[in-house]
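Asks: Protein chains in written order, with the numbering used here: chain A, 29 to 437; chain B, 29 to 437; chain C, 29 to 437; chain D, 29 to 437.
Just to be clear, a hint being listed does not mean it is correct.
No copy is singled out in the list; a pair is fine if it fits within one copy or between any two copies.
What the hints assert, rightly or not - No more than 25 Å apart at the CA atoms, straight line, and that leaves these computed lysine-lysine pairs for DSS-like:
1) Lys378 / Lys403
2) Lys33 / Lys394
3) Lys394 / Lys337
4) Lys347 / Lys394
5) Lys403 / Lys418
6) Lys419 / Lys229
7) Lys418 / Lys229
8) Lys378 / Lys229
9) Lys263 / Lys139
10) Lys337 / Lys103
11) Lys337 / Lys419
12) Lys394 / Lys252
13) Lys337 / Lys351
14) Lys399 / Lys419
15) Lys378 / Lys394
16) Lys418 / Lys394
17) Lys33 / Lys101
18) Lys394 / Lys101
19) Lys229 / Lys55
20) Lys55 / Lys347
21) Lys141 / Lys287
22) Lys394 / Lys419
Because the hints were derived from the structure by calculation, they are not lab data. Fair warning: this is a prediction, and the values are worked out from it, not measured in the lab.
So you can see what is in the structure, the chains are spelled out below.
4 protein chains.
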Amino acid sequence: MTGRKIINDPVYGFINVDDPIIMEVLKHPYYQRLRRIHQMALAQLVYPGAVHSRLHHSLGAYHLMNNALHILKSKGVDISPEEEQAAKLAILLHDAGHGPYSHTLEGVLVKNKSHEDITLLIMRKMNEQLGGALSRAIRVFSNQCDKKFLHQLVSSQLDVDRMDYLIRDSFFTGVSEGVIGYDRILNMLTVHKGELMVEEKGIHSIEKFLVSRRFMYWQVYLHKTVMCAEKMLVKIIERVREIGAESPSPVLNNFLTGKNDHRLFEELLDDYCHLDDVDIMYSLKVWAHHPDKVLSTLSKGILDRNLLKVQYFPQPVEKDLVKEKRDLAMRYLMVSEPDAHYLAFTGEAKSMTYNPTGEHINILFKNGEVKDISKVDHPLINQSLFGTTKKFYICYLNMNVHVEKINTI
Amino acid sequence: MTGRKIINDPVYGFINVDDPIIMEVLKHPYYQRLRRIHQMALAQLVYPGAVHSRLHHSLGAYHLMNNALHILKSKGVDISPEEEQAAKLAILLHDAGHGPYSHTLEGVLVKNKSHEDITLLIMRKMNEQLGGALSRAIRVFSNQCDKKFLHQLVSSQLDVDRMDYLIRDSFFTGVSEGVIGYDRILNMLTVHKGELMVEEKGIHSIEKFLVSRRFMYWQVYLHKTVMCAEKMLVKIIERVREIGAESPSPVLNNFLTGKNDHRLFEELLDDYCHLDDVDIMYSLKVWAHHPDKVLSTLSKGILDRNLLKVQYFPQPVEKDLVKEKRDLAMRYLMVSEPDAHYLAFTGEAKSMTYNPTGEHINILFKNGEVKDISKVDHPLINQSLFGTTKKFYICYLNMNVHVEKINTI
Amino acid sequence: MTGRKIINDPVYGFINVDDPIIMEVLKHPYYQRLRRIHQMALAQLVYPGAVHSRLHHSLGAYHLMNNALHILKSKGVDISPEEEQAAKLAILLHDAGHGPYSHTLEGVLVKNKSHEDITLLIMRKMNEQLGGALSRAIRVFSNQCDKKFLHQLVSSQLDVDRMDYLIRDSFFTGVSEGVIGYDRILNMLTVHKGELMVEEKGIHSIEKFLVSRRFMYWQVYLHKTVMCAEKMLVKIIERVREIGAESPSPVLNNFLTGKNDHRLFEELLDDYCHLDDVDIMYSLKVWAHHPDKVLSTLSKGILDRNLLKVQYFPQPVEKDLVKEKRDLAMRYLMVSEPDAHYLAFTGEAKSMTYNPTGEHINILFKNGEVKDISKVDHPLINQSLFGTTKKFYICYLNMNVHVEKINTI
Amino acid sequence: MTGRKIINDPVYGFINVDDPIIMEVLKHPYYQRLRRIHQMALAQLVYPGAVHSRLHHSLGAYHLMNNALHILKSKGVDISPEEEQAAKLAILLHDAGHGPYSHTLEGVLVKNKSHEDITLLIMRKMNEQLGGALSRAIRVFSNQCDKKFLHQLVSSQLDVDRMDYLIRDSFFTGVSEGVIGYDRILNMLTVHKGELMVEEKGIHSIEKFLVSRRFMYWQVYLHKTVMCAEKMLVKIIERVREIGAESPSPVLNNFLTGKNDHRLFEELLDDYCHLDDVDIMYSLKVWAHHPDKVLSTLSKGILDRNLLKVQYFPQPVEKDLVKEKRDLAMRYLMVSEPDAHYLAFTGEAKSMTYNPTGEHINILFKNGEVKDISKVDHPLINQSLFGTTKKFYICYLNMNVHVEKINTI
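This is chain A alone, in the form it adopts within the complex (with noise of 0.2 Å):
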């Protein structure tokens, strides 16, 4: 509870803990949960060291907000030690609502919950608990704080989120293209009239940094075979519900059965703050020997990384060839033409590397003009990033190793 801690960190080299309140975030059960939901999730299907934890990569958020404040105080700029703390507690709870394997079964869990809608009824159920403690960094978080640019560090389109994320799934994928300059981009904020901004001479960090960004995004995030693991996953999720299948967990149950539906999430908050990815994965272990055979398939092929086959199209796939992947599965495993859609399915992925129309990155010029960074009349700035990428999907069921398989091992 006193003094400071030092934390080992593979990608920064040293973290520093020197305030009794963060450190007592830190032991939390709710923070120590992250521990239990990968940053990734599914991705170490391809890139197997990418099985870093979202408290890692929250505690690494927090020391680019350490570093941030500490580069924008030396410009001037105004952040007293209350602020300064709430900005830090609230980058390190930032990602406290999210649940077993985050953005996979976002939304698919806990329907019409994003996960910034559940990090904050947490922070708010901490805060009773800590005293009141998180009270100025849940304004923070919720951008109802007066200085909005603490808010804009914490989430915005260049935020230390964003950055550390690309930072670390970088190194622990070991795909180098995916690094970015952050300590350049740290030195070049700024604050003008309380918004975040870069500096002038920061506009080519920021274009590398959304072209790694994007990158990112076609190599690693929406990578074909990851990006399938991942629909598998969900399509389980799906198929549990439909067949009234059970979880042995009961708190994951919860979330699955109908017999909460008429319940508020509030009432299942408790609940929710024991779920993580251990509880999806011991399910798929004992759904992987369950009766039914898409959902044993299913968890079987992520276990075992036997995954379906999977294309991209540039364009919405052909029905026919749905149709012709669909037959196949019932030929094959014997299954009705309903449950066919589970094994052979299509969806499109698509990424916005600049969201022109989101929480902006602005340009301060030395002149004084602040100008979007998607505005800027430079022969350097791709418009082409400013824009959404899709790809269309196929997933299938491939017969050559699934059948095969099922039936051998």
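Here the structure of chain A is known, so what remains is to put chains B, C and D in place on it, guided by the hints.
Replies: The following block gives chains B, C and D in isolation, referenced to the frame of chain A:
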């Protein structure tokens, strides 16, 4: 099944696989199971990055084996393609016998069987499934191969297993002091009279390797908090057995309850191959709510990283101190004296950097002489490396923290 | 002369050499001369780590060539041992023709000869000395070889030269944004109809490569201060010629004074092979005390890193501004108007990330189609990469700093 | 002159400067001169990346000083802003007294003055120019400051100078074994009774630091080829003096010929401040064509990396062997016996990893006790670290290579 596979590894860059049998093994559920066994057990409670898997380590060791064989062949050592394949398969599977939380529970879940014993059983079982493709690899692994140096590359005091784990564990913990010059060491390897040797000019590198290894032992593997968490896990298993508690995992139960005491391990092998860290971690989540206070306190302690307090001493811990701590545990948790042994216990930790009575590290001098590294008369070689270092620990309930926490959260 | 040589490289780890002819070339004084030519000229005045040599870069490019050839052969491309050796020799010597401060003084010291022209002359001269051992390498270098892809590996828009300098310059400057995934790019290379191609799935990596290259141009190579220092060096040479000053180095003088204007460069080739950065830097030390104020100011300016002030503009610099700065120089240094042109001058800097009219980067699609990267219809490919970017600069005497300094130190 | 300056460093990322006096010093020609002195002299002939400058190292040590002071202050050590500035200035200038090829020619060009003596003279001279701004820094540097620990950070057996050079030299050579956990060491520093100490739990890190240092000595600094090249350079200077040869550099000549023997070094200080590696390297280029065969052979030998052959022995080199090599030199180069002493010579190399009689590394135990690291009774501390290691070398003309080369190129 065809062609080349390239796997991104943050440590070495890219790992190449281009042999169909090796691809077959990579896809096998017994190999994929290693994804769910953490390489460093509970070290992640101190080093948040240390969450890499046994699968990842095995792949890395395989990569070093590739490099080592390439270098030896370029030095004129005769290695046939079949032998090369066998050595690669042997190293890829060398950890297949590890169970949940590997070394921590080795000898606890399965008594009287080392993980190497079990690896051999598993390799044999896979060999049947793969039509004998692993026969030669089994001979390399079990030192039945003519070319002893192949076995030594897999298992000796300077094998690619140790090299990879030092490098990888150092990488993921961020403890840069563990870095070894593996490239230099590999380039210094040679074969003399069928045995693996190190060229004379590699002496410094070997010394550096041994010092790094010792450093990692005391800074990481036997870090007092890591050690404490792992002993807590052992105590949990012992408690479960004592009170006849059950795991929610039927497969794990087979290794906890006495009902299989009369059966040969071989009959349980299939079950064993379905066990991994998930079974344990999920059990902890259930046991955290067990009516037995000892079991729930320890289980919750690991989950929430609310660990026992721990101290190291150079000599055995004084009995009075142990008694005092047990008395406190009895009083505060209201448990019996025998139960307090789970909450205040003592033991010893030891590391041996180099075992002069084991499989030697031999130096081949330019004049043709061969000497065990520990016998080299060289001002730089550090005699203190060649012995066992011991410390004695005590772990005990942290009254301030535990009692309060246990009651509030 | 025998055996293997292993060279430590901080970028790639170890570089292996095991061919006697290549060792012979490494030892040749013409190759060793490259130790004394900085890879990045005066960039070290901004990036203090950027002091690596052309020799080091050539070794690195040689290493990448090794890897590239290994990968192509493993994909079934037919490359004979002689061709392999030739490609390695060609890349090792590709920069042998660079003179002092390489690109900065290219076309200045020796007019009408590119460094590639001179490389060819030097390779031919060495070839005579080495009994024809370089004949095939010369054909690869000058694109006279049947297998065009070998030449393309040495010199094209995706050659190992560019890859190494991006990686290496990024490494030594510490500009992490220049990092490229060279391993991934090399693994994506293939040969189709005798030409070097990139597999379809390598498109993102190529885009990333181009963006990194552009980043390095504007952040490093054309960094305004670097550019200014290099232009100052050009002005020094021009001034020396104008006033008929002499270098203390007789060899350098051969390229400064008019006395050799009538001779063929070939006759001066031997002298050229004795020139390096040391001749220039030593001359600057002497010229810093030259009675000509222009020469001494510029020379001392580089030595003491007391550079001219510099600004970039998106359009040509206004004449009034240039005049104003020249007037100031005239007044403060008491020099004539023509002399002031050395102390206040303007010009343009441009970079071309990808030249669609040059040697193409071709993508080989899975369906067998081949397309220039700039013609790929792909949402991620950024059209803005395929053009020339220009900026206009002005450099001028920094009154506050220079005048005072000149008088005091 | 105003604001913050950020310098890219490949080792630490960014180095920040925000003090006007420090910026003034950075710009001073005496500091800029260090750009032209290689940190590792001729080690680049073996490690091609080792071309970094003394300026770069000084900047790095300054960065570590920043960190160290920050950590000590956070532990409650009282350090005033003036003291902080003084310590930073002292470390920035600690190497200002180094001459061309630093340690190699230390005591050779200027007899009876260590580089520290000269640093002090230079600091005093700069102090006059800067109006006394360095007075306090001079007291820190020369251990005249009340707070002894500030001096110890600049100069002791665990100072930031050593830390930076180990890290930096390891980085630029690519010898990964030299890596030390500087972050961990800095975090373990503390002050006790005015002296710098290491906390008890830092013992392993200190041991690791000492082992890395020893490794770098024998693998790099005293690598036989590096040592040989550096001895050749010393022999060149001796030969120049013996035969009364002249350097083309008049400034260097002041330190070569006897004409200044009667003058105080202080009178030559200004000249000394104009000397750097360029004067030596340019002289070698001239001397390579000197009629004296000894001088030209040695000079050309370094330029073309055509070095003498060298061997290490554990005991003094046998006289017969030396005689044999001298006879060969006499015969093949047709030189006299005394001249042959330049081409076949012997001597000893030694390193001391830790000097127990020097400025101690003190460990502060939790119980308040203080012990010199070499006196710590701890199974892990390696007594063999605390002594001097010696080897004996012979360098001699390589007949096969030299004679032929000398005649042909």
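Asks: So which of the earlier hints does this model not fit?
Replies: 20
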